[in-house]
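Residue numbers (full-length UniProt numbering): 1 to 257.
It is possible that part of the hints are untrue.
As the list claims (entries may be wrong) - Restraint-style ranges between C-beta atoms, simulated for each label pair: (1) Thr-86 with Ser-204: 43 to 51 Å; (2) Ala-230 with Gln-31: 32 to 40 Å; (3) Asp-225 with Gly-199: 41 to 49 Å; (4) Thr-171 with Ala-40: 35 to 43 Å; (5) Val-256 with Glu-159: 45 to 53 Å; (6) Gly-63 with Arg-132: 14 to 22 Å; (7) Thr-41 with Glu-222: 48 to 56 Å; (8) Ala-226 with Thr-171: 35 to 43 Å; (9) Arg-227 with Ser-101: 36 to 44 Å; (10) Val-169 with Glu-222: 17 to 25 Å; (11) Gly-63 with Pro-98: 33 to 41 Å; (12) Gln-31 with Val-256: 33 to 41 Å; (13) Pro-98 with Glu-159: 48 to 56 Å.
No lab work stands behind these hints: they were computed from the structure.
The beta carbon of each residue, even a glycine, is placed where N, CA and C say it ideally should be.
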Amino acid sequence: MTLVEHYNAETTENTRLVRSPHGRLEFRRTQELVRRAMPATGQRVLDVGGATGVHARWLAADGHSVHVVDPVASHVAAAAEIEGVTAEVGDARALAWPDHSADVVLLMGPLYHLTESGDRERALAEARRVLRPGGILFAAAISRYLSVMETGTNGQLTEQLSPAVRAVVDTGSYDGHVGFVPAHFHTADELRDELETAGLNEISVCGVEGPAWPALDVAGIEEFDARVDAALRCARLVEQDPLLINASAHFLAVAVN
């Protein structure tokens, strides 16, 4: 199944970041990290791979001008309904925007959906091209350790599944063994290296959820409000710790063009 086929069949992308405890944690921390690094309002934001506009919505509410680019037409239609957001079907590897036309570019999905390194290089080159000098790039990635931590805590890590999970840890190549589409999972160092190779500057890579996210899922949605503040503090304390950063489910890199 292709990426577009997957998301055409998947009807819950708009609620992905609210329906599970770790999704809610990811959303809160992503907001926190983005707001920490960019001006409070008035930026021209290009949200590449922005799906249904989950992040575009709050960025527009913050006073930014947001344009979503996504390969899935149904996502684009949903994003275009959000006040203050425009949207178009497009590809991260060949953006229609002119050079130096964005203050901020978000790549919140392309770096894991593009499984070939050459495609990720093209997406980063395009992000640099459309960013003005001094503009800010936010790039998300999935940790290679997500599968082993998730399946190890939710009871799904069987003897039969172990080789596939081991392969993700060793290579970053995810074959879709517990849902989702084939993807590339990073280490924090690998993500930093890709941005450095692309010519970006002032690179900072943070773990998004921190190491407590599997415990939130095991506790269940009814325990989320009681536990989330502690999980957020945990994530902040070790967001760049070299020994624990890879325990996050996602990374968020921030860089300057």
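Tested hints:
A hinted range of 43 to 51 Å is violated for the C-beta pair Thr-86 and Ser-204, which are about 29 Å apart. Between Ala-230 and Gln-31 the beta carbons are some 18 Å apart, a value that contradicts the proposed interval 32 to 40 Å. With their beta carbons about 43 Å apart, Asp-225 and Gly-199 fall inside the hinted range of 41 to 49 Å. Taking 35 to 43 Å as the suggested C-beta distance range, the pair Thr-171 and Ala-40 conforms, at roughly 40 Å.
Between Val-256 and Glu-159 the CB atoms are about 46 Å apart, so this pair conforms to the stated range of 45 to 53 Å. Between Gly-63 and Arg-132 the Cβ separation comes to about 18 Å, which falls inside the hinted range of 14 to 22 Å. Restraint check, Thr-41 to Glu-222: a C-beta distance of roughly 36 Å breaks the suggested window 48 to 56 Å. Evaluation of the 35 to 43 Å hint for Ala-226 and Thr-171 yields a pass: the beta carbon distance comes to about 38 Å.
Checked against the given bound of 36 to 44 Å, the beta carbons of Arg-227 and Ser-101, roughly 42 Å apart, stay inside it. One distance hint, 17 to 25 Å for the beta-carbon pair Val-169 and Glu-222, is violated here, with the actual separation near 32 Å. A hinted range of 33 to 41 Å is violated for the C-beta pair Gly-63 and Pro-98, which are about 23 Å apart. Checked against the hint of 33 to 41 Å, the pair Gln-31 and Val-256 fails, with Cβ atoms roughly 20 Å apart.
Checking the proposed 48 to 56 Å range against Pro-98 and Glu-159 shows it holds: the Cβ atoms sit about 54 Å from each other.
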